[in-house]
Amino acid sequence: MSFLREVDPAWCPGCGNFPLRMNLASTLEEMGVDKSRLVMVTGIGQAAKMPHYLDLSFFNGLHGRSLPVAFAIKAVNPELTVIAESGDGDMYGEGGNHFIHGIRRNFDVTVLIHDNQIYGLTKGQGSPTTRKGQKTSAQLQGVINEPLNPLSLAIAMDASFVGRTFIGDKEHFNKVVSAAINHKGFSVVDIMQPCVTFNKVNTFKYYKEKLYDVSEADSSYDPTDKANAFKRALEWDDKIPMGILFLNDKPTYHELHPVLKNGVVLAKEETEIDISAELKTFR
Amino acid sequence: MRDYVIALSGEAGQGLNTIGDMLALSLFRNGYCIFTDKSYHSRIRGGEYIYRIRVSDTPLFSMRQEFDLIVSLSKSTTLSQLKYFDHKTTLIFDSDSEHVTTEDAGFEMNVMNFPFKTIAKEAGEPRAQNVVALGAILALFKVKMEIPSQLIKEVFSGKDEVIKSNLEALERGYNLELSLEIPEIDANEHNYYLVNGTEGTGLGAIAAGCRFLAAYPMTPGTGVMNFLASRAEKYGIVVEQAEDEIAAVNMVIGGSFAGARSLVTTSGGGFALMQEGISLAAMTETPLVMVDAQRPAPATGLPTRTAQEDLLFVVHAGHGEFPKYVVAPRTPKDAFELTEKAFYIADKYQIPAIILLTESLVDSSATVEPPIHKEEFLQRFVVEGGDQYRRFEITENGVSPRAIPGGKAPVRVDSDEHDEEGYITENLEIRKMMVQKRMKKMEGLLGELTAPAKFNLDAPLILIGWGDSWGAIDEFATGRNDVGYVHYTEVFPIDHSIKEELEGKRLVSVEGNFTGQFASLLRSETGLTVEHIGRYDGRPVSANWIEKTLQEEGII
Ligand SMILES: Cc1ncc(C[n+]2csc(CCOP(=O)(O)OP(=O)(O)O)c2C)c(N)n1
Ligand code: SF4
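Line by line, the protein sequences are chains A and B. For what it's worth, the numbering used here labels the leading residue of the first sequence as 82, then goes sequentially. For what it's worth, the numbering used here labels the leading residue of the second sequence as 679, then goes sequentially.
What the hints contain is simulated information worked out from the structure, not anything from laboratory work. Just so you know, these numbers come straight off a predicted model, no measurement behind them. Think of the CB as a built atom: it goes at the ideal place given N, C-alpha and C, for glycine as much as any other residue. Check each hint, because a few of them may be wrong.
As the list claims (entries may be wrong) - Stretches of chain B that chain A covers, calculated by requiring three or more beta carbons in the stretch to come under 8 Å of a beta carbon on chain A:
hint, stretch
1, 869–881
2, 886–893
3, 904–916
4, 920–926
5, 937–950
6, 1052–1062
7, 1072–1086
Between the sequences and the hints, there should be enough to build the whole structure, so can you do that?
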């Protein structure tokens, strides 16, 4: 089952979105994900164009708003596999509030963030993950705001799955993303990806040199150890951690919800509703 | 028609709501017709709280401003109500508490006092002073004792001691025998329901098969959210409190995209935040049903007061051009039926449908005929999809086949301009066709509208109204030869057919706003000349307010 669509994506030559697309399609294929039960929800941006270049059901909504849409799709039809995917500007900037509350809700969705540390589609403004001092098209003297650290934020909030991977390591990508899709609950995967046009700092080479996998570096790495995971997540300048950093096995939204825990599918059509008994209570 | 207006006045936290509800329900169950409303400050304790009940022998849908009887539990709140006293008003107060005097009022008042607190203490429950008052009023209306006794047992169920003392307080109140003249109002066996606008809307949503609701609390829109939450398990509904209004509306769009009838509720300020979602629903052609319970705005306005100020905002909500459907119910029964219809229209045309309520409608209980549930409104127009499925297929009537994910065909939906398959396009020919396709729905939609309510169109002066002002307008016009009215609940799009009937008449719209929003909508849609009078002090339009204002303006 191929998830690739034969198209010519509207990305710049050399953009990290290309390998991400190939990696994602092969991950889905290798996992044997049922295409008819898969829905991808995206926001707006270069990253968010992804579902147009894949063959699957999708809802490409508004900038920053993929998570509320993804949540509701999963709530009304738990039989669907839901992937929310977008850029760092989309997910951590405009959608930052939804990101925080998505973690709180712990509904079963996989969140893939193309973290190129820049706004691509709007031509090179700083994003929430752009490093301090970096000059951009809007921060001409350099960014003065503190960057957001999505992994430490997610771990601090007891997210149920927190990982990071890199578009340049197909195997690693496959490992982390498939684990995230298989994971029951809200899974965050920060994906390091260069924007060759607007970000001259965080290049392919930059990532290649700095990224290391936490459990490959230390075979005794325990992702359920929150304090340690948090410490790792704070690393950046010399070495950047990737892999499955944090796992927190906890009940999902559906498992806790008084209605959904019984396995109801709200999307089922109803052709008859008897309201008369309810009305009688108003006499 | 005979009627009588009772007001209970006190502070929030004094149990006025409980006692007001019990009084209203007892009168209703005894066979009277009831209309209630509430006037309160945006506070949880203290502040002014006035619960008004209008008793009549046929259903009424508006309040009369002047009280016949006011039971006062607090001096300060009663003072603010003096403007609603007339020579017939009787003030009952608790002689054990501080109360309003003739000197305070500056006019002669009919006053009665009873030691409610002492009586309640004797009954064994000092807090039951309002139950004593309840008993006294119910005796005045010859309401059978079993009715309130039963209610007390229900309200305090499980607390035997409290029930006992409250029943005792009720009986002592009942035996007080107020020496008051009240009009002969017929109490009859009837098939009516006592429902407020919140309940009407919530019941309509359940009847329509709504299974998902997302909202961020905002008075007075919160009621519908709470109503569905209280019945969520019974009907298998998921009610999610979103992190903000933007999330709420996007959730509801997601829920609807995935196949569940979904509802978002809010008030004006929250609706403002939802506008990008409205455009999203329009562009993705996802059915979206919204409740905007209006309060006086801009900004945060008066949270607990009423207005009809959001009409033009709602009608124009969302950027870009697209069709939408806006309804403003007249009564709680209407709220039920129009909510059902809103779900149906949203599904049939894959457009946003907005239910415009007001604080006065959501907070007022009225005696209504049983709302009519229409099974045909459950029709979802969802297709299976197959090999050749195209979500945005160009069709004759502009409505494309809507499949939901998880079925036979992939469903591709995009907020960017897209082709028939749902893929982004910048092809300007396709763009043009998509605009035409979406706008085409307007024709079908116009055919779905029911004619506005019409009364005495031969009269030289025709009042125009919309939404819950109907009760007041109808009451004012009934029995007059010189005045007729046209009243709308489906406020957008507007049915143009009325134009011929209204030509040559003096048209005055009666609205809960300053600028005459419906008047300008009607003017722009039909070219008719429409004047307006507006109430914008935060209180509902009433028949006597209409009369007074038309006189002041020299219109009658
Ligand atoms: C409400 C709204 N605000 C702003 C925009 C403009 N906009 C489009 S994409 C984008 C940023 C995209 O950055 P990112 O999410 O990092 O994705 P990238 O393009 O880098 O993949 C912005 C601000 C929009 N489409 N909608
Ligand atoms: S601007 Fe950057 S992110 Fe966008 S396509 Fe080009 S390289 Fe990729």
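Status of each hint after checking the structure:
Coverage of the stretch 869–881 of chain B by chain A holds. Counting CB-CB distances below 8 Å, 6 residues qualify, and the rule asks for three or more. Check result for the stretch 886–893 of chain B against chain A: holds, 5 residues qualifying (beta carbon to beta carbon below 8 Å, three or more required). Judged by the Cβ-Cβ criterion of 8 Å, the stretch 904–916 of chain B is covered by chain A as claimed, because 6 of its residues qualify and three suffice. Here the stretch 920–926 of chain B counts 6 residues with a CB under 8 Å from a CB of chain A, which clears the bar of 3, and the coverage holds.
Check result for the stretch 937–950 of chain B against chain A: holds, 3 residues qualifying (beta carbon to beta carbon below 8 Å, three or more required). Counting residues of the stretch 1052–1062 of chain B whose CB falls under 8 Å from any CB of chain A gives 4; the rule of at least 3 is met. Residues of the stretch 1072–1086 of chain B lying with their CB closer than 8 Å to a CB of chain A number 5, which satisfies the three-residue condition for coverage.
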